[in-house]
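Chemist: Top to bottom, those sequences are chains A and B.
Take 1 as the starting number for the first sequence in this note's numbering and just add one per residue.
Take 1 as the starting number for the second sequence in this note's numbering and just add one per residue.
These are calculated hints, taken from the structure and not from any lab test.
As the structure is a prediction and not an experimental result, all values here were calculated from the model.
It is possible that some hints are incorrect.
Computed cross-link-like contacts, DMTMM-like style, restricted to lysine to aspartate or glutamate with a CA-CA straight-line distance of at most 20 Å [claimed, not checked]:
# : chain 1 : residue 1 : chain 2 : residue 2
1 : A       : Lys-500   : B       : Asp-32
2 : A       : Lys-500   : B       : Glu-28
3 : A       : Lys-502   : B       : Asp-32
4 : A       : Lys-324   : B       : Asp-52
5 : A       : Lys-343   : A       : Glu-320
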Amino acid sequence: MKVAKRTFDAVIVGAGGAGLRAALQLSEAGLKTAVLTKVFPTRSHTVAAQGGVAASLGNSTEDNWHWHMYDTVKGSDWLGDQDAIEFMVKKANEVVVELEHYGMPFDRTDNGKIYQRPFGGHSQNYGQTPVSRSCAAADRTGHAMLHALYQRNVRANTQFFVEWMAMDLIRNADGDVLGVTAMEMETGEVSIFHAKATIFATGGAGRIYYSSTNAFINTGDGVGMAARAGIPLEDMEFWQFHPTGVAGAGVLITEGVRGEGGILRNAAGERFMERYAPNLKDLASRDIVSRSMVTEINEGRGCGTEKDHVLLDITHLSPETIMKRLPGIREIAIQFAGVDPIKAPIPVVPTCHYQMGGIPTNYKGQVIVPKDGNPNVPVAGFYAAGECACASVHGANRLGTNSLLDLLVFGKSAGETVVADFQSGQLTLKPLPDDAADVSLARIARLETQTNGVEVNDVRLDMQRVMQKHAGVFRFADMLKEGVTKILEVAERAKHTQIKDKSKVWNTARTEALELDNLIEVAKATMISAEARKESRGAHVRDDAIDCAETPNGRDDKNWLKHTLWYSEGNRLDYKPVNLQPMSADVEPIALAKRTY
Amino acid sequence: MTLNRGRVRWQCRRALLELDLVFTRFLERHFDRLTDGQLADLDDLLLVEDHDLWGMINGSRPVENDRWKEMVELLRAG
Ligand SMILES: Cc1cc2nc3c(=O)[nH]c(=O)nc-3n(C[C@H](O)[C@H](O)[C@H](O)COP(=O)(O)OP(=O)(O)OC[C@H]3O[C@@H](n4cnc5c(N)ncnc54)[C@H](O)[C@@H]3O)c2cc1C
Numbered sequence: 001m002k003v004a005k006r007t008f009d010a011v012i013v014g015a016g017g018a019g020l021r022a023a024l025q026l027s028e029a030g031l032k033t034a035v036l037t038k039v040f041p042t043r044s045h046t047v048a049a050q051g052g053v054a055a056s057l058g059n060s061t062e063d064n065w066h067w068h069m070y071d072t073v074k075g076s077d078w079l080g081d082q083d084a085i086e087f088m089v090k091k092a093n094e095v096v097v098e099l100e101h102y103g104m105p106f107d108r109t110d111n112g113k114i115y116q117r118p119f120g121g122h123s124q125n126y127g128q129t130p131v132s133r134s135c136a137a138a139d140r141t142g143h144a145m146l147h148a149l150y151q152r153n154v155r156a157n158t159q160f161f162v163e164w165m166a167m168d169l170i171r172n173a174d175g176d177v178l179g180v181t182a183m184e185m186e187t188g189e190v191s192i193f194h195a196k197a198t199i200f201a202t203g204g205a206g207r208i209y210y211s212s213t214n215a216f217i218n219t220g221d222g223v224g225m226a227a228r229a230g231i232p233l234e235d236m237e238f239w240q241f242h243p244t245g246v247a248g249a250g251v252l253i254t255e256g257v258r259g260e261g262g263i264l265r266n267a268a269g270e271r272f273m274e275r276y277a278p279n280l281k282d283l284a285s286r287d288i289v290s291r292s293m294v295t296e297i298n299e300g301r302g303c304g305t306e307k308d309h310v311l312l313d314i315t316h317l318s319p320e321t322i323m324k325r326l327p328g329i330r331e332i333a334i335q336f337a338g339v340d341p342i343k344a345p346i347p348v349v350p351t352c353h354y355q356m357g358g359i360p361t362n363y364k365g366q367v368i369v370p371k372d373g374n375p376n377v378p379v380a381g382f383y384a385a386g387e388c389a390c391a392s393v394h395g396a397n398r399l400g401t402n403s404l405l406d407l408l409v410f411g412k413s414a415g416e417t418v419v420a421d422f423q424s425g426q427l428t429l430k431p432l433p434d435d436a437a438d439v440s441l442a443r444i445a446r447l448e449t450q451t452n453g454v455e456v457n458d459v460r461l462d463m464q465r466v467m468q469k470h471a472g473v474f475r476f477a478d479m480l481k482e483g484v485t486k487i488l489e490v491a492e493r494a495k496h497t498q499i500k501d502k503s504k505v506w507n508t509a510r511t512e513a514l515e516l517d518n519l520i521e522v523a524k525a526t527m528i529s530a531e532a533r534k535e536s537r538g539a540h541v542r543d544d545a546i547d548c549a550e551t552p553n554g555r556d557d558k559n560w561l562k563h564t565l566w567y568s569e570g571n572r573l574d575y576k577p578v579n580l581q582p583m584s585a586d587v588e589p590i591a592l593a594k595r596t597y
Numbered sequence: 001m002t003l004n005r006g007r008v009r010w011q012c013r014r015a016l017l018e019l020d021l022v023f024t025r026f027l028e029r030h031f032d033r034l035t036d037g038q039l040a041d042l043d044d045l046l047l048v049e050d051h052d053l054w055g056m057i058n059g060s061r062p063v064e065n066d067r068w069k070e071m072v073e074l075l076r077a078g
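Same shape as in the complex, but just chain A (with noise of 0.2 Å):
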């Protein structure tokens, strides 16, 4: 069948933070740049971004990149690849004042330099004290970055495609990346983006879990789409619970209250992290946060009837600190948990919160698979950034505040790379192959003629159960087990999703069945890798993993010292090296120690 097809110098899908990075280093470059959003730029999810961006600028205590760079390789677990922590630990300076040159509001000191808070894991003098290392707007931090980069673009001529999905990878027989197929919603039709280079910056996929602080868009649909082609997907069983969701809505209350002063309580008001993290208390890592939180209500400790959560308490701290520095927290909790902060304190539960995997790429954006022995081969045309790709810089575990920096540097940097590639000649446009579209018009057509199908309401929420239950904060060998048999039982399901609404124009039934396809690649990948991986690292945490000399914490370097990589075909799992050696010799290697706060 006959499809319309665009032809352009690039195609990126995401026009969150990393995709309107990456756009405006191409539209500056002159490139002839598509950027293809299911919402409009400025509603992507960057903008729930509350609490800041890191960079060692020292404004409001002494830092350095290199104890960035250490905090990063520890929080990763030591899963990050010391190139690519060294190389963005270097950059954030750069991209955090040329965000402010494009007219970022960020918040100022009394001398008029950037504000800068502490934020949890983040320390002074390799992990002796916090330091203020996240640079904010207020609580908008993200919207701002959004909104400036946004503004940028268009003054650089990127052509947006605003309500588009992008529902398919195109690739050609040698593997080379074409461009995507992509649905645009006001019509229905399927057309083909034909370009010499293809960036994703689709973001994550919280929603897999039952319990999430992510708003409904994050699909994991770039994730997804290049894992149907064939990508394979990095480190997928690590997954950042963020330790202050609110209990029962997951909506989620910064680690920037805890950099303010919050404290966590146990049922008895004690101050638990205390025995958890002595150096840094409320402000470890998170990974560590959210552990000690469900011991302390695994053990009894938990509060409320269901003694099923912990207390997050500001009641110390003067209204007027609440109002000026964390003014959305108190609307939060009166809404959703009930409370006044000022006058009690919030039921807080550990909650899905981000994606430390993801589509794999060096630190150039380039999207590396193995080939003929070589685990790290770039795709032809392929490149991706932000929260959807793997660096892999946050490794077991993420940093609060690396993310938003991981945006503007990797998204850059991907920029950079497709432009001098551009330049270079090396990128051409490559005929597309006669089926190009084939994959996505069948899904469409199958959605069209399902009978007596499931409803996506139903699968997707089967999935979130079983996400929730079996690969969790605390993970356990059976659970897992049991957890791929019924994610394959799930996935099985989703392939008869069927929708009452057929109509063509503005169908969000049919969208949301199309997102499913792309939430399940990611759920499947997840419990796959994590019941394979027989270690406790970052957030991966198993009850079966000892905590002794050899395996200290349960991590066993020996044997899992390695990135997973799972191919959707077959279910097959892979494994190679982590990079452990920095870029340069400005820095020694972070060597491999317990991790201890």
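For chain A, the structure is supplied; the task is to place chain B with the ligand on it using the hints.
Modeler: For chain B with the ligand alone, kept in the frame of chain A given last:
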């Protein structure tokens, strides 16, 4: 011109989970019964930035336009 309901429904997909939760209830309970006039008011309200819209719904921000008041009430009531 009457608005396409599917289009307006898609505009209820927001960047903040707070709003998604509020809109889920709203879509279940009220959306299908909105008159064309109400739908147009909603469509206009949905152009507001997420943080501002959330502020209006939780009461920390005044509802700046009389035209939005009825819809904001419905969103608040759940
Ligand atoms: C509540 C919350 C608070 C956070 N706070 C912080 C913080 O303070 N600091 C920090 O560093 N990190 C924070 N994070 C994490 C950080 O916000 C995200 O990791 C980051 O914003 C992701 O950005 P992105 O550009 O990769 O994707 P997103 O901003 O999610 O953008 C994805 C884009 O892709 C588009 N898209 C997706 N699928 C398709 C498709 N099929 N077709 C077309 N377009 C598509 C979307 O429309 C959107 O434009 C927070 C996360 C949450 C949930």
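Chemist: Which of the numbered hints are not met once you compare them with the structure shown?
Modeler: none
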